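Student: Chains as they are written, first to last, in the working numbering: chain B, 884 to 1469; chain D, 884 to 1469.
Quick caveat, the hints were computed from the structure, so don't treat them as lab data.
What you are looking at is a predicted structure, and each value in this text was computed from that prediction instead of being measured.
Among the hints, a few may not be true.
Because identical chains cannot be distinguished in the list, a pair is counted as satisfied if it fits within a single copy or across any two copies.
[Unchecked claim] Taking lysine to any residue pairs in the SDA-like style, the calculated list, with each CA pair at most 20 Å apart, reads:
#1 Lys1362 <-> Ile935
#2 Lys1300 <-> Ala1345
#3 Lys1201 <-> Glu1377
#4 Lys1064 <-> Ile915
#5 Lys954 <-> Glu1195
#6 Lys1064 <-> Glu916
#7 Lys946 <-> Asn923
#8 Lys954 <-> Pro1457
#9 Lys1328 <-> Val1198
Number of protein chains: 2
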Amino acid sequence: MKPEGAIVDVQTHKAAFDALMERHAPLMAAAIEAVQTRRNWSPYKDSPSSKIHGTEKPEAGRKAFEAQRGKPFRLEQPGVIGRTGGEISPYTGEALRIDYPQSAPEALIAAAQAAMEDWREVAPRLRIALCCEMSQRLYERNFEMAHGIMHVTGQSYTQAFSGSGPNALDRGIEALAYAAKAMADVPESATWHRTFGREDVALEKTYRLVPRGIGLVICCASFPTWNAYPAMFASLATGNAVIVKPHPIAILPMAIVVQTCRQVLADYGLDPNLVTLATDTLDAPVAQSFIDHPAVQIIDFTGSPRYGSHLERTVTGKQLFTETAGVNSVVLHSTHSLAETARAIARAASLFSAQMCTSPQTVYIPENGIVADGAHASFDDVAQALISAIDEIANDPAMAAGIMGAVQAQASVDLIKKLEENLHATPGARVLRAAQPYVHPDFPKARTLTPLVVVVSPSHQALYAEEHFGPVLFLVTAKDGDAAIAEATGLARERGAISSYIYATDEDFIDRSVGAYERAGANLSINLHGAMWINFAAAYSDYHVTGLNPAGNACLADLAFVAGRFRIVQRRRPMTTRANGMDGQK
Amino acid sequence: MKPEGAIVDVQTHKAAFDALMERHAPLMAAAIEAVQTRRNWSPYKDSPSSKIHGTEKPEAGRKAFEAQRGKPFRLEQPGVIGRTGGEISPYTGEALRIDYPQSAPEALIAAAQAAMEDWREVAPRLRIALCCEMSQRLYERNFEMAHGIMHVTGQSYTQAFSGSGPNALDRGIEALAYAAKAMADVPESATWHRTFGREDVALEKTYRLVPRGIGLVICCASFPTWNAYPAMFASLATGNAVIVKPHPIAILPMAIVVQTCRQVLADYGLDPNLVTLATDTLDAPVAQSFIDHPAVQIIDFTGSPRYGSHLERTVTGKQLFTETAGVNSVVLHSTHSLAETARAIARAASLFSAQMCTSPQTVYIPENGIVADGAHASFDDVAQALISAIDEIANDPAMAAGIMGAVQAQASVDLIKKLEENLHATPGARVLRAAQPYVHPDFPKARTLTPLVVVVSPSHQALYAEEHFGPVLFLVTAKDGDAAIAEATGLARERGAISSYIYATDEDFIDRSVGAYERAGANLSINLHGAMWINFAAAYSDYHVTGLNPAGNACLADLAFVAGRFRIVQRRRPMTTRANGMDGQK
């Protein structure tokens, strides 16, 4: 397991290490099987139901969150130069009054480098087991996490529990599975025999997996854990240290993550500075100082297309993985049930008030209407069905609370209201539904906003061809279904798309459409209805982000997401004993 | 095999495709097994001996080369705007008088994009079989290739045959094996079942492998095929078109490669413009215009550290693979046989007049001498042994011709002679052996140069810490073995190294050295003697270039070399028939 190098405490912890590897081996084996079959699987339950978890755990999680409010967050980091924090709950409008240590970037880098000295010598199998353990501990803290996620991002309680909990941990375990596969592809050693002239040459070769360098994980504000877990686990598993840079308005979830990971490392006698938190403020951002540092060799970024494309244009000689955003579209060509289709689209457009990378923003509808329920439905019939389906959610406070949650930033509310004003003044645009708040049943002061719905034509493309981060649905009049596909895929290629959707009962139409999406590098969902959110991305099964359009370059997860995070260094020498020589002669 | 899209001639060629896939399947299976065990294997013979090939093939190859001299090279490319060429044989000093088509870059890019439209729809297995066929045809042309290689690069006939033939094709097949593994990791489809609430959701998912974009392969002048084959096959297998940019002073080998690949494509009814040649001149280089083009998404570069690092600093948003050069070192600590060790080092320093990326340039020797053959050998004893071993080659014209070959460029001769002058004038440096030509037995006008050997101390580091492209060996006085390791690994880390060598009988010394090389990201050969060239890199077994030091970022080959050359685009939809539903319930 450890041909050379030494961890100080390896003998002390040997029994614990062995037990840990044994405990998590079945999980990793199942995860590897899952990514290969892409079947549904998870080691976790993604419902917060007390039928699953009992009543104590949910309550303990809530209390843990409440106990943290108004207190300094405990994180013994190196190089602390001050404390920061200033998160405001979108549900209460009140400050969480939690502060976090702020460390000097150079101190975090030096500490990460020091921690990597031991970590690089830890066998990949043990590193993976330790990451599994971190995931398990995070799952155990998930009720606390759910409240933390809610009150910094605005996600609803159930979404915070599932989407930012097990669904996100699953993406982390998935990345671990790929890291395990990529590392297992490199044998530890080999024997090599060949005759040169009359001489038999026998060499023994050793192949060492060497980490690339510190991984910087830059998290977004609205869904921080979902991309962070795969990035963190992919880098950690391959031997790298990780510095987590949370968005300054959503620190708590990543502070919980870093605290948990550090505890696991400490419990097993390893240097907790392998995982640290790099807090900053909106006024004095620190990301670039890490990005420019030569010790930082891997950058995982989730966030705005603006900063993401800046990184894509400027970072050289490092591994850069990005997920930003695009303009996701629905093409509505025909349907067996307009009501069901409208409900599916309305739910996706309402979920977390469209603050998701998979939220649809445009719906293309043929201007002369569609075939729906075996009859003709006019453009306005379709538009009305969509608005009814949105209203059904918006007008039911309990349902709205569960689906829409809250709007994280006032900027999103301002942006959508400004857009609404502009649209009222735009010739040819028809505002069908105003963006209005709903009253949250538990949090009357919650910052909420139900979707703006507007009819536009392709002449307004400049308006809808970029992401508006907030609840808005553009209903675009298309000449016909094929014209809609042409425009939707063209925009996906040029402006980016993470999820695309079509509804059609005509198989010929579907057949001639799928190639256009494939060429646009756009993942496509066809005729999804029913209980599953159409923008649900299943770990182990759905490849997320193609890397072929401007919405990002990182697929969560595939071999390309992990294979460059480590390198191979070999050595070779003549076989030293006859016995070895015989062993190698196969 | 082809769920959608269409190749015009797919039915016409179906039987031929099937036969081709069947024919090459065992080769690919064996290659995959070889990269997994890293054992010695090759489908080809790397000796030009007539005992293997008979007498006709060698003669026919020579004649084919001779017939090409003085004639236009036949390559029906698009967008031809002129013809170029001007290669001069290092063996005869005469111009080959072969000219090649020069195509407008835009025309080659447009033709490559058009060719990719069909190629992306070709099943990966068939693409791989077609690459195997290209390799086979190139192997069949290898005697002709060997003469071509000789007369543009200066490699000896045997090295041109083996190193630029089967050994290079093996690296290509190796890259194909990795491409096959990475693509096979993505299933073509999956069924997915999950319960949401009370609803059973069943989805069928399709995962399509999509090429990233045109691959540009920039070849070096001294060893063009060795890096070109893996780059070309890795890009082609994953669905991309390839534009080959040969060095303007070494076009012929890559013209033969491109011609051969195009013939295979044409034979199977595919668009030959999938592989094209982008010639240019030293005065008007075209590489950058391809690099900057958005359709070019993959760049494989082999050549000077200067241009390589320019690319590493400037290319963003594309896959960039580089192999440049470093300063390879030998640390001589102790040996069982000074004569054998000296011979091993002398051969490596003499092979192809040190114009190889694996040639050693420095030999660190403890200033107080070493333990050799069980006794003490002084620094000067060791130096003398090295010079004797070099002289043994240099003074035997037949051996010199077979090992040293010729020097490709007068610039290398000038550079080494200038260096020799400088060293004579450098206080503390001792020139022990002058760089002199030897008289080639077959080509009296050959541009030859035997190694310059000079003793320097660490105070001269500026002199030996960069690559001098030509035959020179710096014998560096080290305080002791450990000091030598410290300096050698420090330079490897800072200046790059592709191959490092140590000789030591002291296992403790070896044990404490290997970690330093690993940390420097330097591949290490320990105590290699005998018939195998110590700088021989075996395909399927030796990972070449770690990517952890400035000598390049591309490992030939590993999963990271191939995994980013394609992307995954998925689609999903509800399962349509009950039968499918049952099939999926496993």
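Student: Run every hint past the structure and note whether it holds.
Tutor: Hint check:
1. Taking the closest pair of Cα atoms, Lys1362 and Ile935 never come within 20 Å of each other, the shortest separation being 50 Å inside a single copy and 69 Å across copies.
2. In this homomeric assembly, Lys1300 and Ala1345 come within 20 Å of each other (Cα to Cα) only inside a single copy, at 18 Å, whereas the closest approach across copies is 65 Å.
3. For the identical chains of this complex, Lys1201 and Glu1377 are inter-copy neighbours only, at 16 Å across copies versus 25 Å inside a copy, given an alpha-carbon limit of 20 Å.
4. Proximity of Lys1064 to Ile915 under the C-alpha cut-off of 20 Å is found in both arrangements, the shortest distances being 8 Å within a copy and 15 Å between copies.
5. Taking the closest pair of Cα atoms, Lys954 and Glu1195 never come within 20 Å of each other, the shortest separation being 38 Å inside a single copy and 46 Å across copies.
6. In the homo-oligomer, the alpha carbons of Lys1064 and Glu916 lie at most 20 Å apart both inside one protomer (11 Å) and across protomers (16 Å), since each shortest distance falls under that limit.
7. For the identical chains of this complex, Lys946 and Asn923 are neighbours neither inside a copy (33 Å) nor across copies (62 Å), given an alpha-carbon limit of 20 Å.
8. Taking identical chains as interchangeable, the C-alpha atoms of Lys954 and Pro1457 are never at most 20 Å apart, the minima being 62 Å within one chain and 49 Å between chains.
9. When the C-alpha separation of Lys1328 and Val1198 is checked against a cutoff of 20 Å, the pair qualifies neither within a copy, at 42 Å, nor between copies, at 49 Å.
Violated hints, in rising order: 1, 5, 7, 8 and 9; the structure is consistent with all others.
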